[in-house]
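Using the sequences provided together with the hints, build the complete structure.
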Amino acid sequence: DIQLTQSPSSLSASVGDRVTITCRASQTIGFYLNWYQQKPGRAPKVLIYGASSSLSGVPSRFSGSGSGTDFTLTISVLQPEDFAIYFCQQSYVTPWTFGPGTKVEIK
Amino acid sequence: QVQLQESGPGLVKPSQTLSLTCTVSGGSLSNNNYYWTWIRQPPGQGLEWLGYSFYSGGTDYNPSLKSRILISVDRSKNQFSLRLNSVTGADTAVYFCAGERIAEAATRYFDLWGRGTLVSVSS
Chain P
1 DIQLTQSPSS
11 LSASVGDRVT
21 ITCRASQTIG
31 FYLNWYQQKP
41 GRAPKVLIYG
51 ASSSLSGVPS
61 RFSGSGSGTD
71 FTLTISVLQP
81 EDFAIYFCQQ
91 SYVTPWTFGP
101 GTKVEIK
Chain X
108 QVQLQESGPG
118 LVKPSQTLSL
128 TCTVSGGSLS
138 NNNYYWTWIR
148 QPPGQGLEWL
158 GYSFYSGGTD
168 YNPSLKSRIL
178 ISVDRSKNQF
188 SLRLNSVTGA
198 DTAVYFCAGE
208 RIAEAATRYF
218 DLWGRGTLVS
228 VSS
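Protein chains in written order, with the numbering used here: chain P, 1 to 107; chain X, 108 to 230.
I should point out that these hints are in silico values taken from the structure, not numbers from a laboratory. All C-beta atoms, glycine included, are put in the ideal place defined by N, C-alpha and C. There are no misleading hints in this set.
Partner residues aside, some chain P positions facing chain X, computed with beta carbon under 10 Å: (1) K45; (2) S91; (3) F98; (4) G101.
What follows is the structure, given as structure tokens:
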């Protein structure tokens, strides 16, 4: 199985900050990497697919980059509603796997 | 808009079978742009992909579940189901049904989710 690691596992930030989360794959996965946001008691919501493709309805402050084994999710200007857990997920080969998550907390 | 809703028992005894159903509303299960998927999340932990079925019946499962899992679709009811045999406490989790969208360049992502249902395995 492809293992995904995320760093940091948690971070504290203030509204207005720029936040960067990293996801690393145990083998090359091209650009087959998605990012999700999950709030307590809710299902995850997709933010970015294909490493950097944006989705209708997702604020433009969320962006993704990377390919191969190293990927980044950036929140350009952190908003109050962005405090959540962020997961990466690979769709290169089954079994699809998820990263362990990065918790973004209020500073 | 398409909505998914899980249903089924919230408590299952060890060694028995966990059975859940996901009802798709606002759209058709017979959509060749989606794989119908189950994902679970143990309390306070990360996400685990369990498997999927295409509307025509083709399936793929997480090998970690070996031969315990079955995902099936019922197009007449616009539902798909999960059966997980021989459950233990390790199967206690919130179970989500999801739709995995097939996008350009063979990219795929989960863009439809149910609200999730907690299934506890306990005697």
